[in-house]
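Colleague: Residues per chain are reported as follows:
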Amino acid sequence: GENVEQHPSTLSVQEGDSAVIKCTYSDSASNYFPWYKQELGKGPQLIIDIRSNVGEKKDQRIAVTLNKTAKHFSLHITETQPEDSAVYFCAATLRDKTIFGAGTRLFVKA
Amino acid sequence: GAGVSQSPSNKVTEKGKDVELRCDPISGHTALYWYRQSLGQGLEFLIYFQGNSAPDKSGLPSDRFSAERTGGSVSTLTIQRTQQEDSAVYLCASSFQGQQETQYFGPGTRLLVL
Numbered sequence: 018g019e020n021v022e023q024h025p026s027t028l029s030v031q032e033g034d035s036a037v038i039k040c041t042y043s044d045s046a047s048n049y050f051p052w053y054k055q056e057l058g059k060g061p062q063l064i065i066d067i068r069s070n071v072g073e074k075k076d077q078r079i080a081v082t083l084n085k086t087a088k089h090f091s092l093h094i095t096e097t098q099p100e101d102s103a104v105y106f107c108a109a110t111l112r113d114k115t116i117f118g119a120g121t122r123l124f125v126k127a
Numbered sequence: 207g208a209g210v211s212q213s214p215s216n217k218v219t220e221k222g223k224d225v226e227l228r229c230d231p232i233s234g235h236t237a238l239y240w241y242r243q244s245l246g247q248g249l250e251f252l253i254y255f256q257g258n259s260a261p262d263k264s265g266l267p268s269d270r271f272s273a274e275r276t277g278g279s280v281s282t283l284t285i286q287r288t289q290q291e292d293s294a295v296y297l298c299a300s301s302f303q304g305q306q307e308t309q310y311f312g313p314g315t316r317l318l319v320l
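Those sequence lines, one after another, are chains A and B. Residue numbering for the first sequence is 18 to 127, as defined by our numbering. Residue numbering for the second sequence is 207 to 320, as defined by our numbering.
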């Protein structure tokens, strides 16, 4: 079955710097890759997603890249702000199965 | 419109008691998911509903766990004879048709088994 690995588990950056979170997946047939942000005490919320027919997608300060050959995808946050501090989860979907990564706890220091 | 709601928001129970957790998905969403999140951990998949049927129950940790969905809407997750290791946040999510789409999560039910 599908397996998703996410790195790093914890990331601390200075406000204004960029943050990059990386995920790898095992099943080359996976075709949908969402990223979720979870703030303390709340459920995860989708921030960006990408499908396998696209290599990159951008939404303001957030971008996601997908390398199908290497089976990895990354989340890029530029100009980080304190409100970006949260836990971020990547996921890979294969047909009717979504597997989540273990999460990255991002700290943005003011 | 209204998002996914879950009740209760918090539940404290004694070991050995049964608990029922409820999820109200977004109206019109046919797919519904239950996850478990232990403190500081990732999302552990429990069960997925498409309409009222559950094509994937592979994540249920034991036969003490069961779930049902009626009328293609509300779902209930039942844990029988609770154990301390069942303590976690139970998250419900729904999506319009299936897993190739955004999952909208509820706020979760925080379960503490004493």
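In short, the hints are calculated from the structure, not lab data. Please read these numbers as outputs of a predicted model, since none were measured by experiment. A couple of the hints might just be wrong.
[Stated by the list, open to error] Have a look at the derived ranges for each label pair, beta carbon to beta carbon: (1) B:303 with A:76: 21 to 27 angstroms; (2) B:226 with A:34: 29 to 35 angstroms; (3) B:244 with A:44: 33 to 39 angstroms; (4) A:119 with B:216: 21 to 27 angstroms; (5) B:233 with A:88: 49 to 55 angstroms; (6) B:265 with A:46: 16 to 22 angstroms; (7) A:77 with B:282: 35 to 41 angstroms; (8) A:124 with B:263: 44 to 50 angstroms.
Note that the Cβ used here is the ideal one computed from N, Cα and C, for glycine as well.
Colleague: Next step is simple, just say for each hint if it's right about the structure.
Modeller: Hint check results:
1. A C-beta distance of roughly 23 angstroms is found between residue 303 of chain B and residue 76 of chain A, which places it inside the suggested range of 21 to 27 angstroms.
2. Judged by the Cβ atoms, the range 29 to 35 angstroms given for residue 226 of chain B and residue 34 of chain A is violated: they are separated by roughly 46 angstroms.
3. Distance hint check for residue 244 of chain B and residue 44 of chain A: the Cβ-Cβ separation is about 25 angstroms, which falls outside the suggested range of 33 to 39 angstroms.
4. In this structure the supplied range 21 to 27 angstroms holds for residue 119 of chain A paired with residue 216 of chain B, their Cβ-Cβ distance being about 25 angstroms.
5. Roughly 37 angstroms separates the CB atoms of residue 233 of chain B and residue 88 of chain A, a value that falls outside the hinted 49 to 55 angstroms.
6. For residue 265 of chain B and residue 46 of chain A, the hinted distance range of 16 to 22 angstroms is satisfied, since their beta carbons lie about 20 angstroms from each other.
7. At about 39 angstroms, the beta-carbon gap between residue 77 of chain A and residue 282 of chain B stays in the expected band of 35 to 41 angstroms.
8. With their beta carbons about 37 angstroms apart, residue 124 of chain A and residue 263 of chain B fall outside the hinted range of 44 to 50 angstroms.
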